[in-house]
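Participant: Each chain, written out:
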Amino acid sequence: MAEAPIIAIDKVSKIYGNANARTVALQDVSLTIQKGELVSLVGPSGCGKSTLLRLVADLDTPSQGAITINGHAPEQARKQREYGFVFQAPTLYDWRTVERNARLPLEVMGRPADTWQARLDKMLAMVGLRDFHHHYPWQLSGGMQQRASIARALSFDPAILLMDEPFGALDEFTRERMNMELLDIWETTHKTIIFVTHSIAEAVFLSSRIVVMTPRPGRIAATVAVDLPYPRNFETRESPRFFELVTQVRETLKEEFVGHA
Amino acid sequence: MSALAANEMAAPRRSFWDRPWVAPLFVFVAVLAVWELIVLLLRPPTFLLPPPTLIWQSLSSQFGALMSYGFNTFQEAVGGFLIGCGLGLLAAMVVARSRWLADLLLPFAIASNSVPIVAMAPIAIVWFGIGPWSKVAIVAVMCFFPTMVSTVRGLTSAAPDAVALMHSYAASDWQIFTKLRVPSALPFVFNALKICTSVSMIGAIVAEFFGGAVNYLGIYIKTQAGILKTPDAWAAIVVACLYGLAFYFAIVLLERWLMPWHRHRDQR
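Residue numbers (the working numbering), protein chains in the order written: chain A, 1 to 261; chain B, 262 to 529.
If you're looking for bench data, these hints aren't it; they were derived computationally from the structure. All values derive from a computational prediction rather than experimental measurement. All C-beta atoms in this analysis are idealised placements derived from N, C-alpha and C, irrespective of residue type, glycine included. It cannot be assumed that every hint is accurate.
[Claimed, not checked] To give an idea of the chain A side of the interface with chain B (calculated C-beta under 10 Å), a few residues: (1) I6; (2) K11; (3) T32; (4) K35; (5) D58; (6) L59; (7) K79; (8) Y83; (9) G84; (10) D94; (11) W95; (12) T97; (13) V108; (14) A153; (15) L162; (16) R232.
[What the hints assert, rightly or not] Using C-beta positions, here's what the derived DEER-type ranges look like: (17) D94/A <-> W388/B: 20 to 30 Å; (18) E172/A <-> L362/B: 44 to 54 Å; (19) S373/B <-> R130/A: 45 to 55 Å; (20) T61/A <-> N374/B: 36 to 46 Å; (21) G17/A <-> N452/B: 34 to 44 Å.
From just these sequences and the hints, can you work out the full model?
Facilitator: This is how it looks when you write it as structure tokens:
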């Protein structure tokens, strides 16, 4: 890997609270991500995976250590709009239609509507909302709302997509369909994606690499390269290698828990 | 719920009895009928409880005059409403900008709900004269606090992730204010404004009880009740209701115009 990583996390710790009540959310986490990778952060709640994502996004600041994105500090990367963030809840604005929600970042960034409208239409079509431009969020199902929020994150064409358990609130059927759609999006747009999830199967199905995290204190237990070939489909989920990888990730988590008990 | 299902729900035609105004209308007519019946059967003195038909006679015989008195009072109410709610909105925008200012001032604003502001009407007359401005002042003070408290709540109601989303776009404070905080505050603001429509009519009429010109509803109600012409007083109260309802629905129309996304939410 001669190319400089697009995201470099170097010995990052995050400590909440004061001297009396300290919570070590992250301890000494180092990770590098290459351009075009789809990396999942997987682990039980409290392992710091969402915290790590928020530190990369500059929605929170590390207590120790440094993060660089494209050679910039997170704050500068945020100000240069280098990433799109997808939250667990769709976080659509009630007063905006689907199209105007997806256009919000363009408005904030002052990007001219006439040059970006075509891209906006393309993104909404890509997430399957071509016929729902003028619907309000409450008129959509949970899956469609999350699709709208993905279109919004892609509308301004950031190089990086940060996704914080985006499908965690969806039923399993919708979630598996959204996984397929996300892979399609990733393969057509070549974005670098960090995907936070607590589902091992979801992480194995999506990722090129899995970062397994464990709690108390939050840290990286192992990274697992996923050698399942792309494009992945329903057969992928039924292949023996898929189950091997799921088992491997689960064993890593189990060892960590047994080791700490 | 999917959009498809939402469309299907609107499809079946609602019968006459399902219309939202039908049941209240019947209750209204029934109450009038029972009232009339009680008066017919028990024959109380007219000044104590005039029958609806007598109030109707009084109303129709001097409808023009009553409506013009009502309009005078309505103008006081609207003037006080505009000043009070307007200042309340401005104060809320200032207060919501700083945490410590909100913590310092909001307890007083909330406590002021329990202060009987109309009781200050005699003082307002000393300050602003016997004319309409003393009533406008009372109404303005009555509208100020509920508007401010609700608006501050509204401006600080945006979900943390909705704010984080804006930060992820490196949005300016002004953009967060106009594109997120103000729209999220609108439902709170309109709840306050709707309450203030009735508060302002009450405030104007009660403030008039303490003195003023004869061609105002409050003075008219007070004098006619004083000489036991209670059907006239009741007729004036009906006119006050008409203006109050018109005021309320004007704000509802404004709300629907400014918040089109809220209109059909009940069907969810």
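Participant: Next step is simple, just say for each hint if it's right about the structure.
Facilitator: Hint check results:
The closest approach between the C-beta of I6/A and any C-beta of chain B is roughly 17 Å, which is over the 10 Å cut-off, so the hint fails. Among the interface hints, the one on K11/A is violated; its C-beta lies about 25 Å from the nearest C-beta in chain B, farther than the 10 Å criterion. Taking 10 Å as the C-beta contact cut-off toward chain B, the hint placing T32/A at the interface is violated, the least distance being around 22 Å. For K35/A, the interface hint is violated, the least distance from its beta-carbon to any beta-carbon of chain B being 20 Å, above 10 Å.
Annotation: D58/A was flagged as interfacial toward chain B, and the flag holds, the nearest CB pair being 8 Å apart, inside 10 Å. With a least beta-carbon distance of about 5 Å to chain B, the hint placing L59/A at the interface is held under the 10 Å criterion. This hint holds: K79/A has a C-beta 5 Å from the nearest C-beta of chain B, less than the 10 Å allowed. Interface restraint check for Y83/A: the shortest CB-CB distance to chain B comes to about 7 Å, inside 10 Å, so the restraint holds.
With a least beta-carbon distance of about 8 Å to chain B, the hint placing G84/A at the interface is held under the 10 Å criterion. Because the closest C-beta pair between D94/A and chain B is about 6 Å apart, less than 10 Å, the hint holds. Checking W95/A against chain B: minimum C-beta separation of about 5 Å stays under 10 Å; hint holds. The criterion of a C-beta within 10 Å of any C-beta in chain B is met by T97/A, whose closest approach is roughly 8 Å, and the hint holds.
The criterion of a C-beta within 10 Å of any C-beta in chain B is met by V108/A, whose closest approach is roughly 4 Å, and the hint holds. Nearest Cβ of chain B to the Cβ of A153/A: about 9 Å, under the 10 Å cut. The hint holds. About 8 Å separates the beta-carbon of L162/A from the nearest beta-carbon of chain B, less than 10 Å, and the hint is met. For R232/A, the suggested interface contact is broken, since its CB lies about 28 Å from the closest CB of chain B, more than 10 Å.
As the Cβ distance of D94/A to W388/B is approximately 44 Å, the hint placing it in 20 to 30 Å is violated. Separated by about 48 Å at the C-beta atoms, E172/A and L362/B satisfy the suggested range of 44 to 54 Å. At roughly 53 Å, the beta carbons of S373/B and R130/A sit within the given window of 45 to 55 Å. Remark: the range hint 36 to 46 Å for T61/A to N374/B is upheld by a beta-carbon distance near 41 Å.
Remark: the range hint 34 to 44 Å for G17/A to N452/B is upheld by a beta-carbon distance near 38 Å.
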